[in-house]
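J.: The lines below spell out each chain.
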Amino acid sequence: MQQIIVSGVGGQGVLFITKLLAETALEQGYSVLISETHGMAQRGGNVISHLKIADGGSVEGMSSPLVRPGKADVLLALHPDAVKAHGFYLKPDGTVISNVPDSEGKHSLNASRIAEDLGAPIAANLVLLGFAVGSGALFCGAEQLEGTLRRLGGKRLELSLKAFRAGAGEALKSRD
Amino acid sequence: MHKLLSEQRGKKMLLLGNEAIARGAVEAGLAIGATYPGTPSSEISAAFFEISRESDLYFEYSTNEKVALEVAAAAANSGVRSMAIMKHVGLNVAADALMTLAYVGVKAGMVILTADDPFMFSSQNEQDNRYYGKLSGLPVLEPSSVEEAKEMIKHAFDLSEKLQEPVLFRTTTRINHSTGIVTLGDIAPVKTTGDFVKDPFSYVTVPAVSRNLHVKLLKHWDEAKGLSEGSSYNFTEGNGPCGIVCNGVSYNYVSDAVKDLQCEDKVKILRVGFSNPMPEAVVKSFLKGCEKVLVVEEGEPFMEEAVKAFAQEEGITIPIKGKGPGQFSRLYEFDPAMVRRVLADYLNVAYEPAGVVDVSDLPEIPQRPPNLCAGCSHRATFYIAKQAAAGMETIFPTDIGCYTLGVLPPLSTADFLICMGSSVTTSCGFSKATKKKVISFIGDSTFFHSGIPGLINAVFNNHNFTLFILDNGTTAMTGHQPNPGVEMERLGLSGYGRIAIEDVVRAVGVKEVTVIQPFKVKKSIEAVKKAFEYQGVSVVISKEMCTLYAKQLKLQRGQRYRVTDKCKNHRDCINQLGCPAFYLRDGKVQINPMQCTGCAVCAQICPENAILPIKD
Numbered sequence: 001m002q003q004i005i006v007s008g009v010g011g012q013g014v015l016f017i018t019k020l021l022a023e024t025a026l027e028q029g030y031s032v033l034i035s036e037t038h039g040m041a042q043r044g045g046n047v048i049s050h051l052k053i054a055d056g057g058s059v060e061g062m063s064s065p066l067v068r069p070g071k072a073d074v075l076l077a078l079h080p081d082a083v084k085a086h087g088f089y090l091k092p093d094g095t096v097i098s099n100v101p102d103s104e105g106k107h108s109l110n111a112s113r114i115a116e117d118l119g120a121p122i123a124a125n126l127v128l129l130g131f132a133v134g135s136g137a138l139f140c141g142a143e144q145l146e147g148t149l150r151r152l153g154g155k156r157l158e159l160s161l162k163a164f165r166a167g168a169g170e171a172l173k174s175r176d
Numbered sequence: 001m002h003k004l005l006s007e008q009r010g011k012k013m014l015l016l017g018n019e020a021i022a023r024g025a026v027e028a029g030l031a032i033g034a035t036y037p038g039t040p041s042s043e044i045s046a047a048f049f050e051i052s053r054e055s056d057l058y059f060e061y062s063t064n065e066k067v068a069l070e071v072a073a074a075a076a077n078s079g080v081r082s083m084a085i086m087k088h089v090g091l092n093v094a095a096d097a098l099m100t101l102a103y104v105g106v107k108a109g110m111v112i113l114t115a116d117d118p119f120m121f122s123s124q125n126e127q128d129n130r131y132y133g134k135l136s137g138l139p140v141l142e143p144s145s146v147e148e149a150k151e152m153i154k155h156a157f158d159l160s161e162k163l164q165e166p167v168l169f170r171t172t173t174r175i176n177h178s179t180g181i182v183t184l185g186d187i188a189p190v191k192t193t194g195d196f197v198k199d200p201f202s203y204v205t206v207p208a209v210s211r212n213l214h215v216k217l218l219k220h221w222d223e224a225k226g227l228s229e230g231s232s233y234n235f236t237e238g239n240g241p242c243g244i245v246c247n248g249v250s251y252n253y254v255s256d257a258v259k260d261l262q263c264e265d266k267v268k269i270l271r272v273g274f275s276n277p278m279p280e281a282v283v284k285s286f287l288k289g290c291e292k293v294l295v296v297e298e299g300e301p302f303m304e305e306a307v308k309a310f311a312q313e314e315g316i317t318i319p320i321k322g323k324g325p326g327q328f329s330r331l332y333e334f335d336p337a338m339v340r341r342v343l344a345d346y347l348n349v350a351y352e353p354a355g356v357v358d359v360s361d362l363p364e365i366p367q368r369p370p371n372l373c374a375g376c377s378h379r380a381t382f383y384i385a386k387q388a389a390a391g392m393e394t395i396f397p398t399d400i401g402c403y404t405l406g407v408l409p410p411l412s413t414a415d416f417l418i419c420m421g422s423s424v425t426t427s428c429g430f431s432k433a434t435k436k437k438v439i440s441f442i443g444d445s446t447f448f449h450s451g452i453p454g455l456i457n458a459v460f461n462n463h464n465f466t467l468f469i470l471d472n473g474t475t476a477m478t479g480h481q482p483n484p485g486v487e488m489e490r491l492g493l494s495g496y497g498r499i500a501i502e503d504v505v506r507a508v509g510v511k512e513v514t515v516i517q518p519f520k521v522k523k524s525i526e527a528v529k530k531a532f533e534y535q536g537v538s539v540v541i542s543k544e545m546c547t548l549y550a551k552q553l554k555l556q557r558g559q560r561y562r563v564t565d566k567c568k569n570h571r572d573c574i575n576q577l578g579c580p581a582f583y584l585r586d587g588k589v590q591i592n593p594m595q596c597t598g599c600a601v602c603a604q605i606c607p608e609n610a611i612l613p614i615k616d
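Protein chains in written order, with the numbering used here: chain A, 1 to 176; chain B, 1 to 616.
These are computed hints drawn from the structure, not numbers from a lab. Hints are supplied without guarantee of correctness; some may be wrong.
With a Cα cut of at most 20 Å, we get these calculated SDA-like pairs of lysine to any residue [unchecked claim]:
hint, chain 1, residue 1, chain 2, residue 2
1, B, Lys259, A, Met62
2, A, Lys91, B, Val356
3, B, Lys162, B, Tyr203
4, A, Lys84, B, Lys259
5, B, Lys615, B, Gln604
Looking at chain B on its own, in the form it has when it is part of the complex (with noise of 0.2 Å):
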């Protein structure tokens, strides 16, 4: 039996904070599931796909958030308890029908789990999902901890029953991927199957209707300020003068530092884990017994711009701090030592530093920024690009997975990316706007994702350039989550449909398509070169497994490589290929047996063939 489904009432166990929500949700009775993978997210999804093989949930990897979103919705609105999960910039891609759905609203309960990404640890922005709630209406709910979240996501259900709403529930990546004890509740019996009556005049959308909408939209968000305001998850501590409002993580780093300076007696903490709407007569008493406030939050000032404004009303003129110099930053994720620095400073309180070992002398480390693995069917499609685009002058937009950390060199096949997909839509407009060679690259999960309307954009206005598909069978950045192409039996699931990229990509219209063998190096070079050639749009599907997946499911090559005495250290292989299975001894290049997979492309570029297989 999966450990998150335990019936042990009472049982302490150790949960990362993603098992802790999967448990709560589980604890709240969910019955369907729906998510598009996405760190600092991804865990929960992993959790579910797991538990719904032995248990009446119904999970989905869905082609993207929105697809995800609106399965849950339709769920939710057939009065059976859904969520969607998905990372901060996921909520981007949902975020049209989270706008319309706030109108339409839920007759069973619904969770959008929205996971931010403060400091970018695996993200290509660190944007502020608490303002979805303000520019949709629906409440936000923030855990501190990874107990916390797991009796949170509970109480998330029946609010948003309560309030006939979806309910955000927001968490940055430092909930997400913290371990902590948690205690286990009973199990709700899941209601796998609700009824939707028809209703067109509240579900169907039209401007009429929406009139009507958005009325009953701000009547529940009046009703939601009256739970905010009473709701135990925005809580305040101490009677002191200096007043300290603080959220998620940050709640815990403001605690053991009052504690750690000794001045409980100087703070009056309000916490806020109900955070949207903001609880405005707790904030506002709370303020009346303070002199001054700092508000310690990661991201934006979405609770300092609320105190502020609260503050405006009741004519109360106490400093009200929180982002700007000597204060809090804007950017990038906060820390202990941080948040004790601001505090003291803040609390006139003499703060020393603990002091540090001293390092200095020990001599400065090469970065270690992320690599594509050694055996990386991506690096083989890379090379081959560059290859036969030798002599063009090239821009080569990208798109989000494993394949962006080309933009390293030797690689150095990443030149524009801004969100999922738009290696093919800013390929349209590159092309148009330049005289350079247009090569773009996109991942098999992407593509399904977001990619396709970019494809078909490019067919119908006739654009010019060359998109590579890499099909590595799989959704790899993220933990190897199925997508629509990949083939379920491989993991021992039946009843899935599953859809052939070059099916898709021949029936949008493309003319010219090539698939290549990557790991067949000049063959593919060939081939790709044909593909550079063509005027108009032009696709090279590039398929050979993700090598991590394929040792996952023992389809490993097997036959490592060595170097033999033929090289003459040309190096070919380390400048054009950087496999991280090269090093150096002597001066002389090597290839790690542990880390070698037997695919074979340094062995095919190398000048002497001086690259052979190790024969045992």
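In isolation and in its complexed conformation, chain A is listed as follows (with noise of 0.2 Å):
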């Protein structure tokens, strides 16, 4: 079981990683709850998703669609102030994927930045969601959300392919 808190601010796609995640996992088999915090999100407010993903049949104990705080496994968070905001859902020893202008140490990095410099600077959401499947921090693998991405990647899917890939490929080097 692999309890995920997506954070971000309006626009920032926190709708859409959620999205692919959550299939992804359907695909997988696991049994998925989510519930999203979106009052006035496309006026720029805060917007949060809980994501709660099991094994499949088995919802023990995940009938809740919140996360409690203290529980969460991963913490992405798109917006630097999203830590602040919302790292109390994060257990102690759960791992927070972070968006931050100067990024230090393997968990975060500045995906805004990368994502501008592929000349897609709106798809942050997915350099994010590549590094951090790519660290190895969530219950899939890189080609099950590529795939998922595929199906759901719409117009843009060239550019967020590239934007993923990117996130995942950075990944590989904080590896090293």
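Could you fit the two chains together into a complex? Lean on the hints.
T.: As structure tokens, this is what we get:
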């Protein structure tokens, strides 16, 4: 079972990467439960989604759509503020993967800059997702997520794939 | 084909709660749906709108919730299945129809979906609409999960047909906006056309008829009681001495907490999904096996009061708790940690909240209140209104829509708001009771929804204020739904009428009508000054398409702006407009080209003319 919090601000694509993760989990035969809070997200407010993934059939302890404080395995922080705002959801030994301007350490990178350099500034979410899966922080592998992205990618698929792979590549670099 | 029309029975799909509800209605053979959009219900209607373009479903965006409910009521009394969808406060608008429709009843199944919003994620109050069930005498169903919501909607139609009464289907935001795995069922054939058989002594609610209809309603109420007793949506789990009565999403929090606290043997749970009428015999027999009872429900003590009343009738004196100090609050949304804490206390077991990561060393982050979008025409209109009113003592009644966000500085153009349409009507009161200049704001969709009667009142009673109608060509706040002023052809749809706001305003007798294009700032300020000078009701129609909608329709202006070296850092742009495209770099104002939409309002107010188009 993995509990993931995806946090960012309106327009960053919190809900899209949540959907990618959820569809991938469904494809892999996991049970999935998601809850989103996006009151007036499109007008620039905070957006958070709670994602619970459990082995197929077993929904023991995961009928609540919300993650409890101190219970998230992973926090995907699309915005630097997200760690401060929603860090309390993380387990003490949980992993935070964050998009920050001055990246230090193996779990953060400047996803916005990388996306800009690719000519796809709105794809920072996919850079960060690629980075997270490349770091081994997620329940699934990069190929599986990429497969879902191909299915749901839409018109900007090529750029999205580029961004996703760039993030995954960064993870490999920081592993070395 | 729309994904919710899939005929693959047994297929598992990941659906938003609102999509699951729409699918349930499709499986139930819904023929006619009507709504006025409102969060958290909006995605149900959005799905119906799309589905109606490729199936036998008739769906309409009605002008308001009362209209939607009455459209559906007539359909159900003509023998076709119907549904009216609204947010919780929408049912207040439709309440007049609801109360007497309960007397009249229905022939085919009719479901009224009310989406309550505990915590007010996007609402002006957090009223608990289960009380509408009690007030009207109609049954209320409440699902606990996304999957259950889909099944329960189908049951709601059957229940409605059995009782010959509309059924209230009450959700909360946490169900509407959760996503879960749903198993598709068969789609029932749609009966699109029925017949209305004249029977005025059943349908025309003159006093003599209504006296009989009330008797019929109470008979239906008694039948509903029996159905609630036997409903599989009211079930018990466990055999312990500590009773827990719960509903909706709270049931999930309780289930998880009981397992986590390893208290399965201590508790007996009654999950209530058919909550009005409350299942009296079920509750009474439940109480008899308990040493004490805790009622876990968001919102008001609806079940708690019923449980206490049943206990009194049976002479049961065990403690029954729910709302109160150290227990649950009537405020806001519940969360799993809160429910766990109260349950641990109730069950006398130790509960250590999970350790959390300490982020106290991180710097405090700024609040992120929602803001008008970059390039939003409302920002320009607010600026124009304030400039034209310079030196006046003003009151700004506002209304429900994106423009309510004008409440924050630097715009500060919202002083009073209670509900849809209240901008116009409270302007009548303020202008009589004070000597200040009253300037109010209402959007196009809200004007059609409930602004028109207020404006007629203002003309008839000769009130003195200026009303801005912010016509951005769509219902923006809830996600760009159509309204009677929208050009449907732009959406590739034909066969709709279109009502011009200016025609309506003139037709109801407003003599001073000004139409402005808010992105022409100076010209608009001069025009608005004249409107402000007028004694009586003056209306300013500010016409400019919602910038997000324009983007969707590929009608954007395109040319973006930048701050040049001529900038002397007056910062009028930031301090008076506060557009989110501005940012500071090394103390200088810059414009984020990703956000700029080219409205050019800032360029027009810059005292140095330092903001110029970006040349490609």
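J.: Taking the hints in turn, state whether each one holds.
T.: Going through the hints against the structure:
For the proposed pair lysine 259(B) and methionine 62(A), the alpha carbon gap of about 10 Å is at most 20 Å, so the pair holds. Restraint check: the Cα-Cα separation between lysine 91(A) and valine 356(B) comes to about 6 Å, which is no more than 20 Å; the hinted pair holds. A threshold of 20 Å between alpha carbons decides the hint, and for lysine 162(B) with tyrosine 203(B) the separation of about 19 Å falls inside it, so the pair holds. At roughly 31 Å between alpha-carbon atoms, lysine 84(A) and lysine 259(B) are farther apart than 20 Å, so this suggested pair is violated.
Distance check on the hinted pair: lysine 615(B) and glutamine 604(B) sit about 18 Å apart at the alpha-carbon level, within 20 Å; holds.
Checked against the numbered hints above, the structure breaks only hint 4 and satisfies the rest.
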